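**Student:** Sequence:
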Amino acid sequence: MKKISLLIITSLLLLFTGAIPALAADAAGPPGLTAAAAVLMDTATGKVLFAKNPDERKAPASTTKILTAMIALEKGHLDDVITVGPNPPRVDGTRVYLVEGEKVTLENLLYGMLLNSGNDAALAIAEHYGGSMEGFARLMNEKAASLGALNSHFVTPNGLSDPNHYTTARDLAIIARAAMQDETFRRIVATRTRPWHGQEWETTLVNQNKLLWNYEGADGVKNGYTSEARFTLVGSATRQGQSFIAVVLDEPGARAAEQDVAALLDYGFKEFRSFQLVRQGEIVAVIDPGNGKKIELAAAGNLAVVRKNDNSSPPTGQLQLSPLKGPLSAGTRVGEMVFRQDGEIVGRVDVINRQPIPARPLSLSDWWLRLSLALGAFFLLYRQAQVKRQRRRVFRSRVFSDYP
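Residue numbers (mature numbering (1 follows the signal peptide of the UniProt record, and there is no 0)): -24 to -1, 1 to 380.
Since the hints were derived computationally from the structure, they do not count as laboratory data. Just so you know, these numbers come straight off a predicted model, no measurement behind them. You may find that some hints are simply not true.
[Stated by the list, open to error] Calculated lysine-lysine pairs in the DSSO-like style (CA-CA distance at most 27 Å, straight line):
hint	residue 1	residue 2
1	K23	K269
2	K269	K246
3	K23	K301
[What the hints assert, rightly or not] Estimated spans, in silico, between C-beta atoms of each pair:
hint	residue 1	residue 2	range
4	V182	G111	27 to 35 Å
5	D158	D326	33 to 41 Å
6	G124	W344	22 to 30 Å
7	D158	G268	51 to 59 Å
8	E178	N63	21 to 29 Å
9	G124	G61	31 to 39 Å
10	G22	R215	14 to 22 Å
11	R368	G302	41 to 49 Å
12	Q216	G61	21 to 29 Å
Ideal placement from N, C-alpha and C gives every residue a C-beta, glycine not left out.
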């Protein structure tokens, strides 16, 4: 068999290294927090890097609207026109002063809900896409469960207090991480101000998440308050391509919540280092199966890792291929990339072929082997037939000898 040659298409073919530079920072211990529950999560991997009572049930207040927005973006389009029903104008708490019969685009309602924390905007969205607040709550709980946020239960789209409306710091981080995968959601929650032209209220919406002004790299997400929940905050920040999400629940004050989130994010940037090792669809190698047509090999998924920022060597990857015996259809698993750091395997990702791999053309030796096998099979069958004929002759001779 002709040996398959690998063509180096990038310096990362057989040796992958992370693209995130080391962060020059002094080591620091985990932060002390005033929050009753908190989580720091690496956005790229979803790994929890710090936790304080992460699975204790807490009221989320308006951080609920993260999930509401995510469902709305999945179900609708930004230019959807929503007619406000009789319920949103009567909702308690912070509003954007919608009136019954007013027609508002989903995009404007999302800004009113996520920047100004409009409870009426959240309810208008819920009634439109869920048929009712109860119908939308079912969508919320289904979505949360599908994400792995299994210790939460949602009743309202805006986070107004209800004994059966609760989440945890871990679940809220999971939900926020999923929401931040959506480009539109990221753009909205990173917006500081936006004009609002309502039927009965015109103003400039100001994002209530003060981290956007006070923390370097802040790009989301949402704050909240009710008398039951007290102050809650989900914060996100990105520096040098590295992102973290911090969640604090049951805080004594808004300032305390901001300080705790800042401390968590500081801890993440100082103590940890993210590596985006490979992205789904990224070409990792090109092979020549011997017919002159190049076959691209690509990563079947994303792979990122987060490690302690201890100045150790970055992860390296090695391509390990299975025997490539065609025909193979495009998208077949043909091997994997195995990543190691300091001798320890830190991740694997399957590798697939982007083009079909045809059967290898037969060589002269292949034809001779096939001919030999065919001749051998022929002579074997011929010999078996001869044996059968001989046995029949013997049988007939015995029968005729018994009956003269």
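**Student:** Do the alpha carbons of K23 and K269 lie within 27 Å of each other, as the hint requires?
**Tutor:** Status violated; Cα separation ~41 Å.
**Student:** Assuming the hint says 14 to 22 Å, is it satisfied by the Cβ distance from G22 to R215 or not?
**Tutor:** holds, 19 Å
**Student:** Within 41 to 49 Å: is that where the Cβ-Cβ distance between R368 and G302 falls?
**Tutor:** Given range 41 to 49 Å: holds, Cβ gap about 47 Å.
**Student:** Do the alpha carbons of K269 and K246 lie within 27 Å of each other, as the hint requires?
**Tutor:** violated, 48 Å
**Student:** Quick check on a hinted range of 22 to 30 Å for G124 and W344, using CB atoms only.
**Tutor:** violated, 58 Å
**Student:** Between D158 and D326, does the C-beta distance stay in 33 to 41 Å?
**Tutor:** At roughly 26 Å between Cβ atoms, D326 and D158 fall outside 33 to 41 Å, so the hint is violated.
**Student:** Would you mind confirming whether the straight-line C-alpha gap from K23 to K301 stays at or under 27 Å?
**Tutor:** Answer violated: K23 to K301 is near 38 Å, above 27 Å.
**Student:** Are Q216 and G61 spaced within 21 to 29 Å by their CB atoms?
**Tutor:** violated, 46 Å
**Student:** Confirm or reject the claim that G124 and G61 have a C-beta distance inside 31 to 39 Å.
**Tutor:** Given a distance of about 33 Å, which is inside 31 to 39 Å, the answer is holds.
**Student:** Go ahead and decide if the range 21 to 29 Å is satisfied by the Cβ distance of E178 to N63.
**Tutor:** Given a distance of about 23 Å, which is inside 21 to 29 Å, the answer is holds.
**Student:** Taking 51 to 59 Å as the hint, is the beta-carbon distance of D158 and G268 inside that range?
**Tutor:** violated, 43 Å
**Student:** Assuming the hint says 27 to 35 Å, is it satisfied by the Cβ distance from V182 to G111 or not?
**Tutor:** Holds, since V182 and G111 (Cβ atoms, about 32 Å apart) stay within the stated range.
Taken one by one, the earlier hints fail for this structure at numbers 1, 2, 3, 5, 6, 7 and 12, listed in ascending order.
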